[in-house]
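Trainee: As a plain string of letters, each chain reads:
Protein chains: 2
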Amino acid sequence: MKIVVVGGVAAGASVAARARRLDETAQIIVLERGHHVSFANCGLPYHVGEVITERSRLILQTPESLREALDLDVRLGTEVIAIDRSSRTVALRDTDTGEETTESYDALALCMGAEAVRPPLPGIDHPTVHVLRRIGDMDRIKARLDAALAAQRAGRRGVVRAVVVGAGYIGLEMAENLHHRGVKVDVVELSDQILPPVDHEIAAPVEQHLTARGIGLHLSTAAAAFRPLSGEGGDGEQDERVAVELDSGTTIDADLVILAAGVKPAVALAAEAGLELGPRGGIAVDTHMRTSDPHVWAAGDAVETPHPVLPGTHLNPLAGPANRQARVAAENICGRDTEYRSTQGTSIVKVFDMVAGGTGATARQLDAAGVAYRVVHLHPSGHAGYYPGTAMMHIKLLFAPTDGRVLGAQACGFDGVDKRLDLFAMAIRAGLTVYDLEEQELAYAPPFGSAKDPVNMAGFVAANVLRGDLSLWYAQDYPAGTAGTRLVDVRTPEEYDLWHIPGAQSVPLATLRDAIADWDRTTPVRLYCAVGFRSYLAHRILVQTGFEDVATLSGGSTTFKHVHH
Amino acid sequence: MKIVVVGGVAAGASVAARARRLDETAQIIVLERGHHVSFANCGLPYHVGEVITERSRLILQTPESLREALDLDVRLGTEVIAIDRSSRTVALRDTDTGEETTESYDALALCMGAEAVRPPLPGIDHPTVHVLRRIGDMDRIKARLDAALAAQRAGRRGVVRAVVVGAGYIGLEMAENLHHRGVKVDVVELSDQILPPVDHEIAAPVEQHLTARGIGLHLSTAAAAFRPLSGEGGDGEQDERVAVELDSGTTIDADLVILAAGVKPAVALAAEAGLELGPRGGIAVDTHMRTSDPHVWAAGDAVETPHPVLPGTHLNPLAGPANRQARVAAENICGRDTEYRSTQGTSIVKVFDMVAGGTGATARQLDAAGVAYRVVHLHPSGHAGYYPGTAMMHIKLLFAPTDGRVLGAQACGFDGVDKRLDLFAMAIRAGLTVYDLEEQELAYAPPFGSAKDPVNMAGFVAANVLRGDLSLWYAQDYPAGTAGTRLVDVRTPEEYDLWHIPGAQSVPLATLRDAIADWDRTTPVRLYCAVGFRSYLAHRILVQTGFEDVATLSGGSTTFKHVHH
Ligand SMILES: Cc1cc2nc3c(=O)[nH]c(=O)nc-3n(C[C@H](O)[C@H](O)[C@H](O)COP(=O)(O)OP(=O)(O)OC[C@H]3O[C@@H](n4cnc5c(N)ncnc54)[C@H](O)[C@@H]3O)c2cc1C
Ligand SMILES: Cc1cc2nc3c(=O)[nH]c(=O)nc-3n(C[C@H](O)[C@H](O)[C@H](O)COP(=O)(O)OP(=O)(O)OC[C@H]3O[C@@H](n4cnc5c(N)ncnc54)[C@H](O)[C@@H]3O)c2cc1C
Ligand SMILES: CC(C)(COP(=O)(O)OP(=O)(O)OC[C@H]1O[C@@H](n2cnc3c(N)ncnc32)[C@H](O)[C@@H]1OP(=O)(O)O)[C@@H](O)C(=O)NCCC(=O)NCCS
Ligand SMILES: CC(C)(COP(=O)(O)OP(=O)(O)OC[C@H]1O[C@@H](n2cnc3c(N)ncnc32)[C@H](O)[C@@H]1OP(=O)(O)O)[C@@H](O)C(=O)NCCC(=O)NCCS
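From first to last, the protein sequence lines stand for chains A and B. Numbering follows the numbering used here, with no gaps: position 45 of the first sequence is 45. Numbering follows the numbering used here, with no gaps: position 5 of the second sequence is 5.
So here's chain A without its partners, still in its complex pose (with noise of 0.2 Å):
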């Protein structure tokens, strides 16, 4: 059996290492066109940033390392650039001396991954507009930076800025990691939104965060043009700076670009050879993780696979789904018969302090899809309130109207935002239920989190909106939606001088239930609170007090601001 891989990173090494624990006897040749195989292209950021100071804890194994532990064949420099299917060979390139050669396989597996989008704009290749995703562009991006920055400490010149283009997690990293530096950065994205992983209301907390840090954050703008900016101040390294211009109007003198602007699938070598592709451009697999022709398994940032929620198949380039798509196909590739369900894109990034990220489908992918669903606000705190380094955190909850099946879960705070992506990561890939969020039994000490966890209060709200004990309304229904209501505000008289939906009528939840007697119970009141919680209690009186109409804002006015913030 000879197994040749094609690609030597997080999918590619994976394939390989598996397969040689299955089969020790297996000749196993890693093709990788560039200079490291096995490195952590997650955590370039954060060497650029100097987080993480020593470059080589990025690289996690060398084709030495991997030959004394798993007998791997894995060659550096060295391109695939054709596959023949019908005899089996793959045809290779050397990088380095250009010479061509062939190989023949058993099996191949295609572990291409993804190329970063480059926008065919003005300047786009000038040399200081950089893409990240090997060590070697890490490398260029930071011997960029810390020239620029040894020239500002010898008082050469000024603030060292840079433009991050794109606001996914990548560009925000990139955003973090050179502000970290002591550079100032501004974020230019296309969409009226940073993450695209998360709703508008779950990514505003994080714009609010990212501003409040220095950022500039351009929503709703394109980088349009790249404009070399040669010899002014008449120093070297002022050489490469290029003016970003913005269709806004604006243009910024950036030492740095950084396109941070999505990825596409590596497909062209598949394509090439005929195999089949998916909806979404990326290589076509079976659940076991084979492509259209018998011989040939893919794996990692190149394949489309199902979506345990949305119908159809999905570009997901994340490095868990990659490495765990790639342990399937190796034990196929041996002759298990193993399945690869779904990707659910359960994605995560920190910004500063907060943090960040989704899990399943948005309200935007639901939408787009035709798919049903309810949705609930939540605001609990990371751990006990009364324990210190708690801040409150906010959740956007996903289910299914009927049985309240978990469809998403998105979330962004402080302490603790990590576990209930991950605990809400589980639930949709078990198929659980709001009902079953309610009896989950978590681990429970002040520092760690609340006897009702925020995941519990998730299952109760949602829960209660499906026996119909909670009717809610939401923030994007205002103003339209609350029009010919009595609108009442049911915090305190301290909170509502602070500030209050515009049209609003203060009514203590400590004073309602005497307030009501003299209301109209046909007209439809909508209740808001600061979260929801009060605003519920609030709802429950009024609707066992005869009230036809009533619904309580979900998310209660931190969820409103958000929104329109």
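No wet-lab data here; the hints were simulated from the structure. Just so you know, not all the hints are guaranteed correct.
Copies of the same chain look alike in the list, so a pair counts if it works inside one copy or between any two.
To be verified - Heads up, simulated DSS-like pairs for lysine-lysine below, C-alpha to C-alpha not over 30 Å straight-line:
hint: 1; residue 1: 452; residue 2: 561
hint: 2; residue 1: 452; residue 2: 264
hint: 3; residue 1: 2; residue 2: 561
hint: 4; residue 1: 561; residue 2: 264
Based on these hints, arrange chain B with the ligands on the given structure of chain A.
Mentor: The following block gives chain B with the ligands in isolation, referenced to the frame of chain A:
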């Protein structure tokens, strides 16, 4: 409808709150013999340690706030002294005046909690021997401590010493918090390990951490007597000191003794009223949290509930279950049909910089119940090793040998332990198997996890065991079980020279493929490395090369040292 609730803290306040939301017109009376309702028992140790500086933060609700928001009639200082089930009345005594009255009920909810165990030892009633259950206990402990520390600061005496009897989570939290205040603390524990919710090898690293922080740890030791040390030093606060005599012969002169030797369910009232008790001495309830009397419900520390893994019913004095049981009780009291399925005993504790906890059944419990199980140990890091701020954690996963269902999990470590415990907890409740753990898609970015999360890794290793790809031997088997085998250390020569299991030969993994050529394939081989990964690779090589009896040490030398420490 008139609902009477006995006890007004975790379960009691929750029954009343939920009942109000379901029934706006019910009369709801909460009878509490203490001077506070709705306080954070779990926060008490941290106010003693001045981690939670404001005492008021521990009191979450007052009778006034509960009246305003929920129209509850909360009566403090009101002890229920008898239940007359035939007339559906309770007899009350005012704890200040001694006045006795009665109150009728349609539904009675018993939420009396648990009481600290006070073993009948000589001197146990000395005023410096404290239990910690309520605000008043905390105030007394803190006053005593503050006085002793003030005397020390004034130079009137030396170091303040405390003895904590019992090394469950309350005992350890007290040990830590007293230490924070500058007290020299000794912990005395009858069992041969700390922390009953985890097995020996998971407790061991926490024991080492305690000792390293300067806590005196006396395992397999009983406190035998408390002898007053009156007048010594001629100082007021000195009069309150006791000599704590241990059955080991040691005597510790202590300024403060904390009795944290477990709790027992408060069932006197229920038992006198003829309500059925369970085999563990708690109040027996059905899945609707209803006692043997159809008008009486119970919830919280006083009840016994089924376990998702173990046979029979169990006591689990924990805040999360108390709160959720109460919510279920309230729903059924209000005419709904809601079931409480089981309590799995998920618990967690912070011990200085470490975190430890467990969920589901321990090996001890499974052994006692005669339930078959398999075990794997692993030591992943809390997040990507190349990103700063992580450390090795120690995981023990217990699962069914037949279908791989997760039966229990325990972990200790520094970062990310709570998250993995919660995921295992959800897996147990959802009935997931180790194969399901392999497939979980958890949130990964370098500060939060690894592309293969510890939960995935636990699934991989356990599934490998069940699929027959990995055979394990256990540290407990040594030395008897390794006699007559070839015991092989596959770590590097440097690691071997530093320490190795006596009797082991050194064959580094990198040289193994060559070394085995002339080994006898019928001699059993017992492999180990530091954590189990390299010896797993070695194992795969040997079994595929025709060795007949190969096993690798579960958890490697790391677990070995925890077992044999
Ligand atoms: C800066 C950055 C940060 C990231 N952060 C995260 C994160 O926090 N969390 C997360 O889940 N994911 C993150 N990712 C994504 C994650 O790294 C990828 O999902 C994962 O690496 C995909 O694995 P892969 O093996 O499919 O592709 P890659 O890891 O990209 O590997 C593909 C390899 O194939 C090689 N190759 C391509 N074509 C050929 C050819 N023709 N011949 C030979 N070799 C070829 C390439 O040189 C490359 O080395 C991040 C990515 C980057 C770049
Ligand atoms: C110091 C400490 C730390 C803890 N830490 C944690 C932790 O980190 N995590 C965790 O999960 N759990 C923890 N617990 C346990 C948790 O507090 C309990 O499980 C929970 O409070 C049980 O709720 P309960 O309502 O059953 O009992 P309780 O909260 O004890 O309330 C019972 C109430 O009933 C009253 N009562 C009793 N008898 C009568 C009567 N006859 N008439 C009137 N009133 C009566 C009592 O005065 C008491 O206020 C801790 C407990 C303590 C003491
Ligand atoms: C590291 C890499 C080569 C994969 O190596 P690997 O040999 O599969 O090793 P891992 O460290 O992932 O460990 C997983 C294996 O160890 C086993 N294992 C882990 N701990 C174990 C223990 N305590 N006892 C026994 N086995 C253990 C697992 O079962 C699994 O083996 P299996 O797949 O045969 O079941 C590959 O993932 C890689 O190159 N990663 C870097 C690139 C990357 O992922 N980038 C994106 C993220 S930054
Ligand atoms: C606080 C206490 C009185 C319970 O009060 P509660 O009114 O049930 O309130 P909680 O804060 O627990 O919130 C839960 C309720 O709010 C609802 N809720 C929470 N957030 C919400 C939101 N954003 N929108 C709508 N509803 C929300 C939940 O659905 C739930 O209501 P339900 O049970 O009717 O479904 C009681 O738990 C207590 O006394 N606790 C202190 C003692 C204790 O627990 N000690 C041990 C741990 S230290």
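Trainee: Go through the copies and call it for residue 452 and residue 264: within, between, both or neither, with a Cα cutoff of 30 Å.
Mentor: between (42 Å within a copy, 23 Å between copies)
Trainee: Between copies, within a copy, both or neither: which fits residue 2 and residue 561 at Cα up to 30 Å?
Mentor: neither (59 Å within a copy, 41 Å between copies)
Trainee: Taking 30 Å as the upper bound on the Cα-Cα distance, should residue 452 and residue 561 be classified as within, between, both, or neither?
Mentor: So residue 452 and residue 561 pass the 30 Å test inside one copy only (26 Å; across, 37 Å).
Trainee: If the cutoff is 30 Å on CA atoms, where do residue 561 and residue 264 land: within, between, both or neither? Let me know, please.
Mentor: Neither: 35 Å inside a chain and 48 Å across chains, both beyond 30 Å.
Checked against the numbered hints above, the structure breaks hints 3, 4 and satisfies the rest.
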